[in-house]
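Undergrad: Here's the letter readout for the chains.
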Amino acid sequence: DQQVKQNSPSLSVQEGRISILNCDYTNSMFDYFLWYKKYPAEGPTFLISISSIKDKNEDGRFTVFLNKSAKHLSLHIVPSQPGDSAVYFCAASARGSQGNLIFGKGTKLSVKP
Amino acid sequence: DGGITQSPKYLFRKEGQNVTLSCEQNLNHDAMYWYRQDPGQGLRLIYYSQIVNDFQKGDIAEGYSVSREKKESFPLTVTSAQKNPTAFYLCASSRSGRKYEQYFGPGTRLTVT
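Protein sequence lines correspond, in order, to chains A and B. Add 2 to the 1-based position in the first sequence for this note's numbering, that's all there is to it. Add 4 to the 1-based position in the second sequence for this note's numbering, that's all there is to it.
The shape of chain A in the complex, shown without the other chains (with noise of 0.2 Å):
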């Protein structure tokens, strides 16, 4: 049962233009949520977080955005660069779990020049 889920496998965006990539839970008990960016054969990179007591975070050209009624977040990626082109992980971790991060499958996103 798949506690994170990114149900976009992959996404195409020209270059300049906006990326949105989407991640659900079901875990009400998820108080901090992460976005990790990884290229092929190489460990994924922190790139952003966000707690459940905020809806907003914002980093340069990169914005979470946290929906807790919904059980939703976004990253928002503006403009987008080829540069970006990765596959991206949402992640999750409970209140109390001493860091044990949930995953969800990574969304793979193409910015086109």
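Warning: the hint list may mix true and false statements.
Residues of chain A clear of chain B, computed beta-carbon distances all greater than 12 Å [claimed, not checked]:
#	residue
1	Gln4
2	Gln16
3	Asn24
4	Leu68
One side of the interface only, derived from the structure: several residues of chain A facing chain B at Cβ under 10 Å [unchecked claim]:
#	residue
5	Ser14
6	Gly62
7	Ser95
8	Gln100
9	Gly106
Derived by calculation from the structure, the hints in this document are not laboratory data. Glycine included, C-beta positions come from ideal geometry on N, C-alpha and C.
Starting from the known structure of chain A, arrange chain B on it as the hints suggest.
TA: For chain B alone, coordinates are given in the frame of chain A:
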């Protein structure tokens, strides 16, 4: 440069053999983690350690063992009891107080035939 090193990048073993994957970090992080990634899947937690000489099972610990004798090192042994050992293995670490923001190594791809 501070970071996490995993060696080797590619590892081949015959079925029935135990194999140990190395993970070293010089970030002075207290916590370390081992994940496994299979094609089209998210990362799944195998084992984690919050402090030296202490570790806990993750979601898929069966067929694996770990040790944490030094803060910098967290080796993972894939035993012959692991039914499907071929996978991409990722080691991560995090600071105390920011345990959700995990920094990953480059990974080891293990192939067992």
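Undergrad: Checking each numbered hint in turn, tell me which of them this model violates, lowest number first.
TA: Hint check: 1, 5, 6 fail, others pass.
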